[in-house]
Amino acid sequence: SCSAMTTPNGRRWRRSLPDERGSALLSVWQAIHERQAEPNLSELRRWLVGARMIINIRGTSGSGKTHLVRQFMESRSPQPILDERGKKIEAYELAGGWFVIGSYENVCGGCDNFSSVPPSFVGNTMDYVDFLVRRYAERGNVLFEGLIVSNVWGGIRSRPRWEELARDYPPAIFLFLDTSLELCFQRVLARSGGRKPKGWDEGKSSLQQKYGCAAQHYGIATAKGLDARWLHHDRALAELEEIVADDGILD
Numbered sequence: 001s002c003s004a005m006t007t008p009n010g011r012r013w014r015r016s017l018p019d020e021r022g023s024a025l026l027s028v029w030q031a032i033h034e035r036q037a038e039p040n041l042s043e044l045r046r047w048l049v050g051a052r053m054i055i056n057i058r059g060t061s062g063s064g065k066t067h068l069v070r071q072f073m074e075s076r077s078p079q080p081i082l083d084e085r086g087k088k089i090e091a092y093e094l095a096g097g098w099f100v101i102g103s104y105e106n107v108c109g110g111c112d113n114f115s116s117v118p119p120s121f122v123g124n125t126m127d128y129v130d131f132l133v134r135r136y137a138e139r140g141n142v143l144f145e146g147l148i149v150s151n152v153w154g155g156i157r158s159r160p161r162w163e164e165l166a167r168d169y170p171p172a173i174f175l176f177l178d179t180s181l182e183l184c185f186q187r188v189l190a191r192s193g194g195r196k197p198k199g200w201d202e203g204k205s206s207l208q209q210k211y212g213c214a215a216q217h218y219g220i221a222t223a224k225g226l227d228a229r230w231l232h233h234d235r236a237l238a239e240l241e242e243i244v245a246d247d248g249i250l251d
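The numbering used here puts the sequence shown at residues 1 to 251.
None of these hints come from the bench; they were simulated from the model. A hint or two may mislead.
Below are the BS3-like pairs computed for lysine-lysine, each with C-alpha atoms no more than 30 Å apart in a straight line [stated by the list, open to error]:
id, residue 1, residue 2
1, K88, K224
2, K198, K210
3, K210, K224
4, K196, K210
Please read these numbers as outputs of a predicted model, since none were measured by experiment.
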């Protein structure tokens, strides 16, 4: 649906928006225009945050998560942002209103490089990732990935944090790489100098177990009504760019 409003100079502004966001923005605009004392600024904030996009790339080791994000960053002039200690990269600011969480200075990039959290932060590494995604979502579009993120959705003993994130900061899109287990295995093998993952021959390696998480989490996300999609591993960048172009607000 579309929402429209008249600016103070008489110009008409029209934009396609979900009904709830259009209603929230219009209510705040009318309150300000009519000089009401207390416009609902929280609704305006929700609309503005909702205009951003959060994308989470998911997959097991060797699926191509880090490679895909590096490709996405290459054409967008990434500028590193250091944490409060001024030593480690916590994110990158990209052209087009994008932020990427984590460091990409090592072979394994993204959120997997948070080996510790800043001294002032109370919580574990997953809490810190959640915090950073939310903080940068206040400023623009956010892209994040990492094995630490892909392996956990939330269950009986842990809250479904990514579902909560999607509810609090729509639109959030979960993209699952469809890389085969065999190809993931070959990539991990090359990365480790030919050493098989422990338990591979018995079908009990962490790689095999984590590979199954993708389909499981995709099913959970779709059952919850969240935006979950598969990316073809050979066309991942093109498909990601198409999603950004079709759904993005700030790109």
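### Query
Which of the stated hints cannot be reconciled with the structure, identified by number in ascending sequence?
1
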